[in-house]
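So the sequences go chain by chain: A and B.
Going by the numbering used here, the first sequence wraps up at 273, each residue one higher than the last.
Going by the numbering used here, the second sequence wraps up at 293, each residue one higher than the last.
One thing to keep in mind: the hints can contain errors.
Taking lysine to any residue pairs in the SDA-like style, the calculated list, with each CA pair at most 25 Å apart, reads [said to hold, decoys possible]:
| no. | chain 1 | residue 1 | chain 2 | residue 2 |
| --- | --- | --- | --- | --- |
| 1 | B | K55 | B | V33 |
| 2 | A | K219 | B | G238 |
| 3 | A | K4 | B | R201 |
| 4 | B | K104 | A | M193 |
| 5 | A | K101 | B | F28 |
| 6 | B | K104 | A | L14 |
| 7 | B | K46 | A | I126 |
| 8 | B | K259 | A | T135 |
| 9 | B | K104 | A | L17 |
| 10 | A | K101 | B | P15 |
| 11 | A | K102 | B | A282 |
| 12 | B | K46 | A | S129 |
| 13 | A | K102 | A | P115 |
| 14 | A | K2 | B | L91 |
Estimated spans, in silico, between C-beta atoms of each pair [what the hints assert, rightly or not]:
| no. | chain 1 | residue 1 | chain 2 | residue 2 | range |
| --- | --- | --- | --- | --- | --- |
| 15 | A | I80 | B | I142 | 46 to 54 Å |
| 16 | A | L22 | B | R96 | 20 to 28 Å |
| 17 | A | I15 | B | N289 | 36 to 44 Å |
| 18 | B | V33 | A | S260 | 44 to 52 Å |
| 19 | B | P80 | A | R3 | 26 to 34 Å |
| 20 | A | M1 | B | F136 | 36 to 44 Å |
| 21 | B | V193 | A | M5 | 23 to 31 Å |
| 22 | A | A52 | B | R211 | 48 to 56 Å |
| 23 | B | E144 | A | I80 | 51 to 59 Å |
| 24 | A | L9 | B | E145 | 33 to 41 Å |
Examples of chain A residues lying across from chain B (beta carbon under 8 Å, computed) [to be verified]:
| no. | residue |
| --- | --- |
| 25 | F93 |
| 26 | Q117 |
| 27 | G122 |
Keep in mind that the hints were calculated from the coordinates and are not lab data.
Values in this document were obtained by computation on a predicted structure and should not be read as measured data.
Cβ coordinates follow ideal geometry from the N, Cα and C atoms, glycine included.
Chain by chain, the residues:
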Amino acid sequence: MKRKMVRVLLYSFLILLAVICLLPFLIMLVSATQSNADLSRGFTLLPGTWAAKNYQTLTERIPFWTYVKNSLLSTIPNVILTAYFGTMAAFGFEKYQFRGKKALYTVTMLMMVIPAQISLIGLYRIFASMKLLNTLWTLILPGISNVLTVYWMRGNIYQVIDNSLLEAARIDGCSDMQMFHRVVLSLCKTGVMTISIMNFVAVWNDYINAVTYITSNKKSTLSVGIAMLNNFDNIDLGAVYMGVALSTFVILAFYLVFNSQILGGVTEGSVKG
Amino acid sequence: MTRKKVNFGILFVTPFLLGLLVFRLLPFLYTFVISFTNWNLMMGEKSFTGLDNYKRLLSDKNFYIALRNTVKIWAMNIVPRLGIALLCAVLFAQCRLRGKSFFKMVFYFPNLVNSATVAVLAAMIMGWQSGVVNRFLMQIGILEEPVYWLGQASSAQGIVAFVTWWMWFGYSAIMFTTGILNVPASYIEAAIVDGANAWQRFWRITFPLIRPTIAYVFLTTLIGGLQNFEIPRVITDGLGAPDKSLLTMVMQMHTIAFKSMQYGYGSAFAMGIFVVTAVFAAFSYRMINKKEE
Numbered sequence: 001m002k003r004k005m006v007r008v009l010l011y012s013f014l015i016l017l018a019v020i021c022l023l024p025f026l027i028m029l030v031s032a033t034q035s036n037a038d039l040s041r042g043f044t045l046l047p048g049t050w051a052a053k054n055y056q057t058l059t060e061r062i063p064f065w066t067y068v069k070n071s072l073l074s075t076i077p078n079v080i081l082t083a084y085f086g087t088m089a090a091f092g093f094e095k096y097q098f099r100g101k102k103a104l105y106t107v108t109m110l111m112m113v114i115p116a117q118i119s120l121i122g123l124y125r126i127f128a129s130m131k132l133l134n135t136l137w138t139l140i141l142p143g144i145s146n147v148l149t150v151y152w153m154r155g156n157i158y159q160v161i162d163n164s165l166l167e168a169a170r171i172d173g174c175s176d177m178q179m180f181h182r183v184v185l186s187l188c189k190t191g192v193m194t195i196s197i198m199n200f201v202a203v204w205n206d207y208i209n210a211v212t213y214i215t216s217n218k219k220s221t222l223s224v225g226i227a228m229l230n231n232f233d234n235i236d237l238g239a240v241y242m243g244v245a246l247s248t249f250v251i252l253a254f255y256l257v258f259n260s261q262i263l264g265g266v267t268e269g270s271v272k273g
Numbered sequence: 001m002t003r004k005k006v007n008f009g010i011l012f013v014t015p016f017l018l019g020l021l022v023f024r025l026l027p028f029l030y031t032f033v034i035s036f037t038n039w040n041l042m043m044g045e046k047s048f049t050g051l052d053n054y055k056r057l058l059s060d061k062n063f064y065i066a067l068r069n070t071v072k073i074w075a076m077n078i079v080p081r082l083g084i085a086l087l088c089a090v091l092f093a094q095c096r097l098r099g100k101s102f103f104k105m106v107f108y109f110p111n112l113v114n115s116a117t118v119a120v121l122a123a124m125i126m127g128w129q130s131g132v133v134n135r136f137l138m139q140i141g142i143l144e145e146p147v148y149w150l151g152q153a154s155s156a157q158g159i160v161a162f163v164t165w166w167m168w169f170g171y172s173a174i175m176f177t178t179g180i181l182n183v184p185a186s187y188i189e190a191a192i193v194d195g196a197n198a199w200q201r202f203w204r205i206t207f208p209l210i211r212p213t214i215a216y217v218f219l220t221t222l223i224g225g226l227q228n229f230e231i232p233r234v235i236t237d238g239l240g241a242p243d244k245s246l247l248t249m250v251m252q253m254h255t256i257a258f259k260s261m262q263y264g265y266g267s268a269f270a271m272g273i274f275v276v277t278a279v280f281a282a283f284s285y286r287m288i289n290k291k292e293e
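The shape of chain B in the complex, shown without the other chains:
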């Protein structure tokens, strides 16, 4: 019986592990290998070129521009996202309110619509000549001329950050709600008996206890945010205009590899993104853990 058990355990995990090997592990290693070649579909011949691609990466202005934009767009939406999500979560978990499930459902809905659809809609609403916002502002007399919102670096980045916030604050709110609901009610009751007000209850009890949930959400949004691709790609059709302000790291990698067909350099770019992501993740992981001590 024991021998039989051994065999079937391996049998059951094998299809999944084979899939993992072919679709996750090998592609990663292969990308790493390609990054040391000059593989370029336009030129044919490919050979190993050592660290050439990485030297080029380090002096590539677009890499730094893309890195700065990606981090900036993430930073612009993470603060309002965590703040508003925490506030909603406290209301959902600790206040007697009507229509909670309705609000939860509505707040989460933008997250379900695919980013491409959201991006097209955002571009239409914020459009220049016939955008809804411009038409409205001109109608009520605030604007004389339509403003090209997506044509200016700062407002274009702001729009992408806002859309990202809009898609994700509900998700974070629901995560935090569960985190708070897992805090034993007796802690809160004891604090109320001791005369703590709502503000003190939040900062002294709820917040420290849901720290792990906040840390989890923070780290996953950081890693996800550094892979920002869909919305800027659809809005700018992969160009990152205006003034490269919507050029993100993954988008630039995608353009190098699949528009210019430079697999070698594109792969080095991908490894650059990987290193940046790992450094950011490790750094914030340490920060989170340090504060906990």
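Isolated chain A, as found in the complex:
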């Protein structure tokens, strides 16, 4: 009897937390279908009939799909760049000996300790002198220097790639470059995939870099575009909810497809941390 009570209590706790997590999204969904008149009356969870109108208002006021396009055009190249050069560096650090390796790796790990926000002004001026401000390159190129990916892939390569395998490949006449492409990238596919999905979410959600380096509205990414919705409250409430809902849908779709990799990626990070 006491056991049963405890179980009921535990489930109620978890369900309460789940409701807290999901309720804001439910409110968002319902409100996105309501008119301004509905949204200034008493609160109701019954859907309204204004979804299409809200969508129309939203797309008249902000170029929503342009933001999505810009986000995709910056996130995908960044993630590919990170995966390729990050894995390559991890391979170099893990399987080769060269002078200064330890020192270089230590410096690399130290860079993880300095929050990127601190260097924002310096990087802004560097982009300015490279004439890259207001281009998506400012969001793509830093992918080359993703320290966490190198750290993560180094662990992955250590676990997956046996030295004897590399020896065998070399005896079969594989060059080092071929070894990287055919052995490392193909055997570590799962690891590369997981870290890339994590990187995708991080870059997709970036706000501070996009809002700093990109000032033209046409080049803005989704997170910056959505943030601007906050400035026209009280006018088109339903449209704001619609924008927030669409932005959430995009990442929800991604989550439903990749949830095992995403939750697995968080978990693997904690094993090493």
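Dock chain B against chain A, hints included.
Just chain B, lined up with the frame of chain A:
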């Protein structure tokens, strides 16, 4: 063969290291250098002014206000975050419950939605005249007049702290779950045989063994929390209103550098944030290690 190995190792790490140099190391050093100048886009000429910016920083009221707000908002969410995450983790790892993967997935979802979207949604829900919370409370008769939640210092900070908790407790819970799952089951079984109850099992076995995970999560949230920017920035459009209660350190640095275009002083402000972060991190790192002995 050995010689060939040497060359390729360097070749493989070079693109990454060059990237690290250009996008991480140089920007940091450059910011440091700029902090000793009066570089200001409005005035043109720039020259070295020694420690002037740092003197100004030390007497800048906004720096201390921002520091206090940032720490306060972090402190308000870290306790419930670690507490609830630990409880969830124990349930996920050590109890036979149905729907664990569903709960994990739901708890983690708020972390995936970008902060800007979350901030806009929070501002809408907590809004004044047409906010959902006010409309609901007025409907059921608790409120007569709508309350301007985001217009009062304490409730505005509370909202930001709550939203941060909401976005991050699931992440911490999943980290802790793995930490607990790595504790050998035989330890727990032995304790059960010895007649330890759930409370004792947690404090005597599980907690000491997942200490490193807790320390890791604590330190990373501290460092991350001190860089708090997105949510207050989007909610207040960079103003930090009401009464500067949502003014955070990174937000103030951003405003100085990119709204007032004072690169010199902004950089000194950034270095101030860096020092504060380093001091806090070192201090809590020592505390964590001391207790372990």
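Consistency of the hints with the structure:
For a cut-off of 25 Å, the pair hint linking B/K55 to B/V33 stands: about 16 Å separates their Cα positions. Restraint check for A/K219 and B/G238: the C-alpha separation of about 21 Å stays at or below 25 Å, so the hint holds. At roughly 20 Å between alpha-carbon atoms, A/K4 and B/R201 fall within 25 Å of each other, so this suggested pair holds. For the given pair, B/K104 sits about 21 Å from A/M193 by alpha-carbon distance, which is consistent with the 25 Å threshold.
Taken as a hint, the A/K101 and B/F28 pair is honoured in the structure, with Cα atoms around 22 Å apart against an allowance of 25 Å. Proximity of B/K104 to A/L14 is assessed by CA-CA distance (about 10 Å); at most 25 Å being required, the pair is judged to hold. Note on B/K46 and A/I126: the hinted pairing holds, with a Cα-Cα distance of about 17 Å set against a maximum of 25 Å. The suggested pairing of B/K259 with A/T135 holds, with an alpha-carbon distance near 20 Å, which does not exceed 25 Å.
Simply put, B/K104 and A/L17 have alpha-carbon atoms about 11 Å apart, close enough for the 25 Å limit, and the pair holds. Restraint check: the Cα-Cα separation between A/K101 and B/P15 comes to about 15 Å, which is no more than 25 Å; the hinted pair holds. For the suggested pair A/K102 and B/A282, the alpha carbons sit about 24 Å apart, so the restraint of at most 25 Å is met. Annotation: proposed proximity of B/K46 to A/S129 holds, straight-line Cα distance about 16 Å (limit 25 Å).
Only pairs whose Cα atoms come within 25 Å are accepted, and A/K102 paired with A/P115 is accepted, the gap being roughly 22 Å. The hinted pair formed by A/K2 and B/L91 meets the criterion: a straight-line CA distance of about 17 Å does not exceed 25 Å. A beta carbon spacing of about 53 Å between A/I80 and B/I142 agrees with the range 46 to 54 Å that was offered as a hint. The hinted window of 20 to 28 Å between A/L22 and B/R96 holds, with their beta carbons roughly 24 Å apart.
A hinted range of 36 to 44 Å for the beta carbons of A/I15 and B/N289 is consistent with their spacing of about 38 Å. Between B/V33 and A/S260 the beta carbons are some 46 Å apart, a value that agrees with the proposed interval 44 to 52 Å. B/P80 and A/R3 have their C-beta atoms about 28 Å apart, which keeps the hinted 26 to 34 Å range intact. For A/M1 and B/F136, the Cβ-Cβ distance of about 38 Å falls inside the hinted range of 36 to 44 Å, so the restraint holds.
Hint check: B/V193 to A/M5, Cβ distance near 25 Å, so the stated range 23 to 31 Å holds. Checked against the hint of 48 to 56 Å, the pair A/A52 and B/R211 passes, with Cβ atoms roughly 54 Å apart. A C-beta distance of roughly 57 Å is found between B/E144 and A/I80, which places it inside the suggested range of 51 to 59 Å. Range check, A/L9 to B/E145: Cβ separation about 38 Å, and the 33 to 41 Å hint holds.
Satisfaction of the interface hint for A/F93 is found here, the shortest Cβ-Cβ separation to chain B being roughly 6 Å, below the 8 Å cut-off. Taken as an interface hint, A/Q117 checks out: its beta carbon lies about 5 Å from the nearest beta carbon of chain B, inside 8 Å. Taking 8 Å as the C-beta cut-off, the interface hint given for A/G122 holds, the closest approach to chain B being about 3 Å.
Going through the hint list in order, the structure satisfies each hint without exception.
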